Structures are given as structure tokens and as C-alpha cells.
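In this text, residue positions in the sequence shown follow my numbering: the first is 1, and each later residue adds one.
Simulated from the structure, these hints should not be mistaken for lab results.
Please note that a few of the clues may not be correct.
Said to hold, decoys possible - The calculated label-pair distances, taken between Cβ atoms and stated as ranges, are:
#1 Pro137 with Asp26: 55 to 65 Å
#2 Ala114 with Arg75: 20 to 30 Å
#3 Leu78 with Glu108: 40 to 50 Å
#4 Pro58 with Ala102: 47 to 57 Å
#5 His8 with Leu61: 50 to 60 Å
#6 Gly149 with Leu78: 43 to 53 Å
#7 Pro56 with Ala91: 34 to 44 Å
#8 Trp148 with Arg87: 22 to 32 Å
Remember, it's a predicted structure, so these values are computed and weren't measured experimentally.
Heads up, the beta-carbon is just placed ideally off N, CA and C, and yes, glycines get one too.
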Amino acid sequence: MGLLVLNHNGTFVRHVSKGSWFELPDGRRVSPAYAGWQSGDGYALAPYVAPVPPAPTPEQLRAEQIEAVKAEAMRRILVICPEWKQRNLTAQAAILAEKGRANWTTDELAAWNAGKAIWDRIAAVRMRSDAIEALDPIPADFTDDQHWG
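Please construct the entire structure, taking both the sequences and the accompanying hints into account.
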């Protein structure tokens, strides 16, 4: 329907739905509510105008860009290695660390090396993310692969 603003002598009283019955603070009921309605004792209805949020500061815009770069980095990391696999690799590394490198089997060494290769790829994405975040300005096309290679 739409909102109107009920004012008394220019001071906000409350919001009122357009076309509805509404009650004044003194108990009088009025209908229909429409923009431009006025009473002889200072009550009036005006169109509701939503407040315009303030423009973001340069610092806020930069923070939003950095968050967007971090989100792109996360997306790329999850393509390399989903979270469930990251947890499994971390658990595997903890078990192998407890066992001690000198006691690893050939299969365990191969598993360690495969996991390390994945972590190295993830570390490269994190380094590129840090480098992109440090740029001023951050490129508008930061999601393009050219920035992540």
C-alpha cells in the first residue's frame, strides 16, 4: 500500500498506511489516510521518504573491495581443495607428525607429498590474494585469471 508520515506541527508522530483508518494521539479516528491530509489542530500526513544512506567512505569502499578479493581467493582455494579434504589433510598431517618422519612408510611419504603439493597451490592463491589486496586501486577485473597466475 505505501506509508505516510503523521506529523504534529512538524514533529514526527508515527507511520500510517496509505488508505487506512488511523488514530490520532487524542483518540480521534480518521479515514482514509492520504498524503496532504491535515487537521485544524496541527496534524498532517505527508508521503514517507526513505532515508538515503550516506555514501560509503573511501575506506569503506576499499574494505569492500578487499573482502571481495578474499571471497575470490576462497572460491579458488575451494576449487583446488574443498573444506572436507582440507580437514582430512590436516588430520593426516597431525597423525604423520605424531608418528615422526623417520617412521613413515613409502605410502605415507607419498601421501604427505601429495598433500604438500595441494597446500603449496593454496599458499600461492593466498599470496596472490595478498598482492591484489595491496594494490591501490584494486583492479575492477580482479577475478580475471591474469591476476591470479
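Inset, instruction - List in ascending order the numbers of the hints, as given earlier, that are violated by the structure. - result: Hints 3, 5 and 6 contradicted; others consistent.
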